[in-house]
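Between the sequences and the hints, there should be enough to build the whole structure, so can you do that?
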Amino acid sequence: MTDRAEPPTAVRFARVSRHYGEVRAADDLSFEIADGEFFSLLGPSGSGKTTCLRLIAGFEQPTAGEIFVHGRAMAGVPPYERDVNTVFQDYALFPHMTVADNVAYGPMIKGVPREERMREAAAMLEMVALGGLGGRKPSQLSGGQRQRVALARALINRPKVLLLDEPLGALDLKLREQMQVELKAIQRRVGITFVYVTHDQGEALSMSDRIAVFDRGRIEQIGTATDIYEHPASAFVAGFVGVSNLVAAEVAAAITGASATFSIRPEKIRIERPEAAVPEGHCAVGGRIESVLYLGANTRYAIALDHGGELTVLDQNREEQTGLADRRVGAPVKLVWNRRHIQTIGARPPAP
Amino acid sequence: MRSRPNAKASPRAGGTAGWPLTLGAVAGLLFLHVPLAFILLYAFSTEEKSFVFPPPGLTLKWFAVVWERDDIWRAMWLSVRVASISTLMALILGTLAAMALYRSRFFGKEVVSLLILLPIALPGIVTGISLRSAFNLLDMPFSYWTIVLGHATFCIVVVYNNVVARLRRSSPALIEASMDLGANSFQTFRHVVLPNVATALLAGGMLAFALSFDEIIVTTFTAGQQTTLPIWMLTELVRPRQRPVTNVVAVFVVAITFLPILGAYYLTRDTHESGGSGK
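Listed in order, the protein sequences are those of chains W and L. Under the numbering used here, the first sequence is numbered contiguously, ending at residue 352. Under the numbering used here, the second sequence is numbered contiguously, ending at residue 1279.
These are computed hints drawn from the structure, not numbers from a lab. Check the hints yourself; a few may be wrong.
[To be verified] Each pair of labels, with its calculated beta carbon distance range:
(1) W:Arg189 to L:Tyr1265: 24 to 32 angstroms
(2) W:Phe59 to L:Ala1134: 41 to 49 angstroms
(3) W:Phe59 to L:Leu1030: 51 to 59 angstroms
(4) L:Ala1121 to W:Ala75: 43 to 51 angstroms
(5) W:Asp28 to L:Pro1172: 24 to 32 angstroms
[What the hints assert, rightly or not] Only part of the chain L face toward chain W is listed, based on derived beta-carbon distances under 8 angstroms:
(6) Ser1171
(7) Asp1180
(8) Gln1187
[What the hints assert, rightly or not] Some chain L residues judged to face chain W by a derived CB distance under 8 angstroms, without partners named:
(9) Ala1173
(10) Glu1176
(11) Gly1182
No experiment lies behind these values; they were computed from the predicted model shown. Backbone N, C-alpha and C define an ideal beta-carbon position, used for all residues, glycine too.
What follows is the structure in structure tokens.
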């Protein structure tokens, strides 16, 4: 043990399971979320991430195990006695109330006098850049504005933990990117632990301090964005977070000399002429261009390898590169990458 | 205006109906509503033994006669009381049933909801006979309360239908959101659920009141010596004298039942939900 004080734990799962009959929505999960952390639960739909969120909020009870919020066991504590608040996927704003009354709902329930809670609500609305819209009904707001109201309504209670259930899912791409920046800024300002559920790996990578990748009710990997992206612990993580090339053991043996399945990110691979020299510490494989997909900022190539199998290569368009004779479909190429970027994958089979 | 020689344009696509359809619609509407106009007209007729057209003369004296007659006022007052109490029972029981069936999932849920809806689908005469035999079995004397119970069976359906339709449209996350923000079940009901179903309750209540107010079949089987307004009208029709009195009362009944239905229509017209009437 060291003397260095650990940051206090905001949420702790101790061997928590939630089963619906035969379905294991959460299967023996143990992990901790530090206080003040932006923690994302990332996974495909049905992987158990929303179940975890609802377990923390108290809408679901674990079948087994125990959940602690700031050290307090949550078993039998109803949602309205928990120091956590939720931003719902469809916002769940009360349609019969004005925006200000929506935001002031928590304080109203706690018995804060009307004048005071309306002042608080106005301040919260100001914080989410909705000052002056307090008198409107939720139906008169755009999707992005409703999203901010939902956030203000939760944050006004100063919860110890804020739960966000795919809050940006219903917004269009531009707005989503803008809200990602804002959410992160708000989280830094208020210093509250955010537990963020998403199936969008880009969202998770850009906002989170740490990410838990879920698959079929289990956590595949927990780590920082760079950990998860650069060092995926399983074939599932490699495939789900970003695009990855999975090279089967037989082909891998021919390339690296070691007969172990590995993954390599498309942007780590360089395309060279077949006669190019291979630098120290790199490995190389010959192939033929199968297809060329021009994406604006990048060009995506599919390369059929001489040893069998196919690799996707993402090449940044620093110069105008399409249309070059040696980058046409059918042209022979040599693929080169640094051995550092090879991630050997364990024996776990990839998810279906 | 010249008709366009486009053989493909169907009446529906063109936006205007052909003349046979228009004629049919007008005839249908006239058939439905002209008798109502006659009710109104004969309320002013000077001829008291039979309905002749055109009326020999017009008079307001039947309104005075109605004003003077105690039996009419007693019947009217009984109908108002029955309709009010049945509506009140329906509001409470219908709302509770709707919330229970909406929020929970259990084996036989569909059957239970069908059983709630059944009284409005069953012919009134079946409801009436079954209630009558049930009251007999229970040794219950026929009274004001047996009428109320009979009416409540179909009033509940109207309220239930309206509330269920409203609950289906509102996000189930609203209740969770309220709990999440610190409200217990009672506070959630008061601040979130009730305001959300309020107009549905008002609309359902108005329809239930109107249904009860002019109900005659079930009432016939469940009333003892009591005479509700519809029953009074039925007995009055066979009497030879003072016929226009019935018409005057009918005009009032139309007014009393039409206003709530109109109100219910305006309250729910933005929300595309069924009024659930059918009795």
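The hints, checked one at a time:
1. W:Arg189 to L:Tyr1265: 24 to 32 angstroms: Violated - the Cβ-Cβ distance for Arg189 (chain W) and Tyr1265 (chain L), about 50 angstroms, lies outside 24 to 32 angstroms.
2. W:Phe59 to L:Ala1134: 41 to 49 angstroms: 43 angstroms, holds
3. W:Phe59 to L:Leu1030: 51 to 59 angstroms: Taking Cβ atoms as reference, Phe59 (chain W) and Leu1030 (chain L) lie about 58 angstroms apart, which means the hint holds.
4. L:Ala1121 to W:Ala75: 43 to 51 angstroms: Holds: the Cβ-Cβ distance is about 47 angstroms, inside 43 to 51 angstroms.
5. W:Asp28 to L:Pro1172: 24 to 32 angstroms: About 29 angstroms separates the Cβ atoms of Asp28 (chain W) and Pro1172 (chain L), which means 24 to 32 angstroms holds.
6. Ser1171: Interface hint status for Ser1171 (chain L): holds (6 angstroms vs cutoff 8 angstroms).
7. Asp1180: Check passed: Cβ of Asp1180 (chain L) comes within 5 angstroms of chain W, closer than 8 angstroms.
8. Gln1187: Constraint on Gln1187 (chain L) satisfied, holds at 6 angstroms.
9. Ala1173: Where the cut-off is 8 angstroms and the nearest Cβ of chain W is about 4 angstroms from Ala1173 (chain L), the hint holds.
10. Glu1176: Constraint on Glu1176 (chain L) satisfied, holds at 6 angstroms.
11. Gly1182: Constraint on Gly1182 (chain L) satisfied, holds at 5 angstroms.
When held up to the earlier numbered hints, the structure conflicts with hint 1 and nothing else.
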